[in-house]
Amino acid sequence: MKPNKNRRLPSLLGVLFAIVLIAAACGGDDGDDGDASPTTAPAESTAPADDPPADDPPADDPPADDPPADDPPADDDNTIRLGIMGECEGAFGGFHEDVVAGATLALINGAGATSTSADTALDGFSGASVAGVPIELVGIGCGDDTADRAIQEVRTLVEQDGANVVIGPLSGDEGIAIANYALDNPEVTFINGISGAQDSTLAVRAPNFFRFNGDGAQWNAGIGDILYNEGGWRTAAVIADDYGFGWTSAGGFVADFCAAGGQIVSQVFPPLGTTDYSSFVQQLPNPDEVDGYFWVIGGTGTNASLEAFLNAKGDLTGDQHAGNLFFSPALADALGTDIAGAYVGGFASLPGDITTPEIEAYLASADAAWDTLSGGLTGNEPGPPSTALGFGFAYGYYTAGLAFVQALEQVGGDMSNNQAALREALSNLELQAPYGPITLDENRQAIVDTFVAQLVLDEASGEIVQQTVAIIPGVDQTFGGTYSTETDPPERDNTACEPRDLPWQGNSIPVIDGVPQR
Amino acid sequence: MSGEASTDVADIKFGMLHLTPRSLRALRVIPTIMVGLIVAFAVLWILFLADRSWTVKTSAGAAIEEPGEFLVTLLDGLTFAGLLFVVASGFTLIFGLMRTVNMAHGAMFLLAAYVGIQLQQTMVGKSRNIESAEVSMFAWVVPLLVGATVVAVLGVVMQQLFLRWNQGQDLRQAIITIAVSVVLADQMLLQFGGLAKKMVWPGSVVHFFEILGQRYAFSRIFMLGIAIVVGIALWLWLNKTRMGMVIRAGVDDEEMVRALGINVAVVFGITFFVGSFLAGMGGAMGASFAGAAPGTDGQWLLNSLIVVIIGGLGSIKGAVAGSVLFGMVTAFSPAYLPSAYTFYSIIFTLGTLAIVLAVRPNGLFGRAE
Amino acid sequence: MISLSARNVAVALTCVALILLPAFGSDFFVDFVATRTLMLGLAASTMVFLSAYGGMVSLAQWLIFGVAGFAVGNVVAESGRGLNLGWGPWTGVFIALVAATLLALLLGILSARSTGIYFLMLTLTYAVVGFFFFGQVTTFSGFGGITGIDPPGFFDDRPKRLYYAALVLSMLAYVGFRAIARTPFGLALQGVRDDPVRMSSLGFNVQLHRTLAFTLAGFVAGLAGVLNIWWNGQIDPTSISIGPTLDLLIIAVIGGISHLEGAWLGAFVFIGANIYLRDIPFLGSIEGLLEERLLAEERFNTVIGLLLLLIMLASPDGLAGIIARIEHGIRLAFRRSNPEGDGSSLRTNGQ
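Which chain is which? The protein sequence lines are A, B and C, in order. Just so you know, we're using the numbering used here here: the first sequence kicks off at 305 and counts up by one. Just so you know, we're using the numbering used here here: the second sequence kicks off at 10 and counts up by one. Just so you know, we're using the numbering used here here: the third sequence kicks off at 6 and counts up by one.
Please keep in mind that the hints were generated in silico from the structure rather than gathered at the bench. A hint or two may mislead.
As the list claims (entries may be wrong) - Not close to chain A: a few residues of chain B, all C-beta gaps over 10 Å, as computed:
#, residue
1, ARG37
2, ILE42
3, GLY45
4, TRP54
5, SER62
6, ALA72
7, LEU154
8, ASN175
9, ARG229
10, THR250
11, GLY304
12, SER348
13, GLY360
14, ALA363
Unchecked claim - Subject to a maximum C-alpha distance of 20 Å in a straight line, what follows is the list of computed SDA-like cross-link-like pairs (lysine to any residue):
#, chain 1, residue 1, chain 2, residue 2
15, B, LYS66, A, ILE568
16, B, LYS135, A, GLY683
17, B, LYS326, B, GLY234
18, B, LYS135, A, PRO633
19, B, LYS66, A, ARG796
20, B, LYS326, B, ALA242
Claimed, not checked - Chain B side only, calculated, beta carbon under 7 Å to chain A, not exhaustive:
#, residue
21, ALA49
22, ASP85
23, PHE89
24, ASN138
25, GLY203
26, GLY300
All C-beta atoms in this analysis are idealised placements derived from N, C-alpha and C, irrespective of residue type, glycine included.
Bound conformation, chain A alone:
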């Protein structure tokens, strides 16, 4: 057929399109009129674009430079509309339930909420309030590990559902995008979920974006020092995913290892999407040419790259290999029993071997809140809630929710004046979280306790398990000046390798049999 001859194309098409548009446009405000609109009288006449009904500028003659007027109606009233930015697709899609449960548990423990369902957190909660102010869950965003989608989801939460506090997101690039969005939307408070890109706080520095977890580099603090001093490494080779998180995580190791006096002899960055790692592993020095290898490869690559090493270079032994949080037998079958003794970098929560009364109470509260959760660690099959909540993803969202609830408590539920009091309280909060205290620096980035673990052979089961060897207290984002607001974000190999004093050097708290020797 020839479209240009097709004169009889549907009148219905256009009419329907128009009707649908109009109908949807009118339906568009339904989302946020439930509790808000009538309370604020249109006192300020300078913000015409705010309130849809009161708005009739001539359409083809846009008014001259009005200030950008994005505020959802009525943010001065004391209702808290919370949005949770989760991740239901993409590489971390399996952790959607985990992270939503993390934020929810904070409201259950701190704000008297009750989960709607006993076996999932995704159906929401009810009855949450702090200092008499109710907290309503307006939506759960569904990210897919990309920045574009994160922005769309968070805009839906804020602009459609009217959220004035958002907890999330999960992964690094999303975090940078949402921090940038926060800059443009000062009326909403954002508390990061577990995303770990350095830029979100160190480069963007949005005044309404708070992060109560470490970044990818912070999680590797202390391991370089231990490898140099305990493991006897003087030289190391690094193999890392060729994108933001890989660079940041590798950068943390490089900064820490070099600060202690070590040398990096080789850095290899296989592109994301590599299937066959053999040619990249070939680029690493041979085991007799270097003291050790540090692995920062995630996803399917974790096992594939280790297997390629096994195939081409030699056995994976505990004294010559270490890695970041991905370096785990749970993620890589290639790590056999020979790997016992290898050191592994930290994450947001601590390995299961450490038990303190606070941790036990936290995990027990999770088991009390739900019967089962279908979290990522149990392959999205129903499992004990404490399994999900004990892992870093859920815990990051939990600390975000907990910080929010505690700060709100401090200010008596005061959300007025663009949430100024709440933000002040968040900035100065000394959060006593189950796995250790957290405070924020001047960029609203967490100063955290992280840990270094070792892979050991569990005699009883014959399996390799993680055992904590040290807690590294007070890790900040700058690594003693290696990173600052002036430096570029970590890239392939731009982290300077030089000896320097790090604030946590010599302060690490040894852990013996799961008991920190404070």
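Using the hints, position chains B and C against chain A.
Leaving out everything else, chains B and C in the frame of chain A:
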């Protein structure tokens, strides 16, 4: 479709520029010469020039200096090509007969991988930290076959329900299979979670041997072996059996086959079964070789597309050639690119494709229609 | 030339409605739904143009769209990743459009000899090369992408001005593409689509026509890409990965890949489904019947996939085709007009 030779008989006049058919034909030789030069340089570089004291540092040395490194890279390329072939041959088989671009090929790969992994874990009796020594050949082959059969049945169901009656509308079919793959991917995320999983090679193939001082894994050779067996079986099936001849005839002239009273619908169903089965086999092998996770589906759809575009759509011979070329470039480019630029290897790999197509728009063994 | 056909009346009415939209739509709707519909529709219209008039189903349109965005980002941004040239935003627009057009010209030359489904897969491969290019080459982006890009000050009055920019460009593209179809070039292009061999023997240069059409479409896709980066504020390689690339194809096909209007219609349905389908209560009740959460809110990709499947099974011509058939049926019922069917199909290899 246009015969490519007949497309430019007219003169082209652009102001001063005046191209006659003869000079146009002469122009067309330019890309061929360019490609020839590039290939010649690449060969020279790998054989003699790389990583010498007076050239640029690369991670593997020139073949005459470091024959071991060269041989290992060659084997890496060949073995990876084996896996590529198994997956892509299914894709090309379906396309060759039915003109259906099965965009759900990657999703089938992943589903078979998950089914195989699940079954293997059940057979071995543990879900984590399975060591190769615990896996018998039986506990590897059975999950592979079961996984492949499951997706083969699924493929036939898809073909019968959604594709049978709109045969020939190739874009519509491609989009229907996209829709199926979107649904499959989302449901697999729900069922199998987001963590990377792996099938474990049987203990009997996990050992190492030495080639010219370099350590090499037998499991990769095993993978290549399976691919060769699959290739021979396909060849025998298509060339020595009646069914295969019907399929080959159908590729050439479907109407004629129909006119001869052959039930084409059954032939189509069987072809879809085999094509999906190959995707599934590839899935189980790929899950042993590199693991399976959300996203693996898209990656392997892409790998299949690249192989068949290089080799020529619908041609098994082309699938062999495409796999080998793609595998070789994948292996050689990180090894022999200057060390500071190895992370560009993946662009380099895809650039190969552009080069091939500049010379042969229908792929190495594709036919102009 | 402009006839008062039902089609034109409908389109004109829609345009009036769209012009008036900001007066009664909420900011969210105007900015998030309508502006995005127009932007994606504009991008999809280039795909429809190439397919309907040139017989080329191109998956490289999203790449070209993205390249324009990356160009703006590299030229305009002052810090972060990329070149950080820090030049003015309008310079950025100029460079972006030049880059998009040149890329389209190059890809057009490279692929003009392929047809049908080959063309589709070839352009898909270009899209993937583009994804890896921007992912690996940190000079221009890297996987982190370029963030914090603001539109020129003129668009500060968001959402209205950006909306009108998208609307004006969409209208121009729509009118322009239809007008081109009636020029000698457009007629020859359609001839090339239907019978390249014959056109060739009549003395037309088939590849030249294809290449030029592709370049023109690339320019328009570049315009959409510029709007998008202003709207979105950031771009990274996953913005142009295989997923969004196929989304654009889905948009074009849902709408109806042989009707220009279908591009915008498809974009509207796609975006609307993404935003509004999640709140539909019946999905929740189905979920109660099924075990687990097969169709729960976070599984809306499944819902989108099923929707796409349904539309494609029902009509090869997407929603526009469905509407056309309904209209046809109504007409038949009311005044027994000549039963000339709408014989369109998705055959790309016009055998």
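Against the earlier hints, flag every one the structure doesn't satisfy and list their numbers going up. 9, 11, 12, 21
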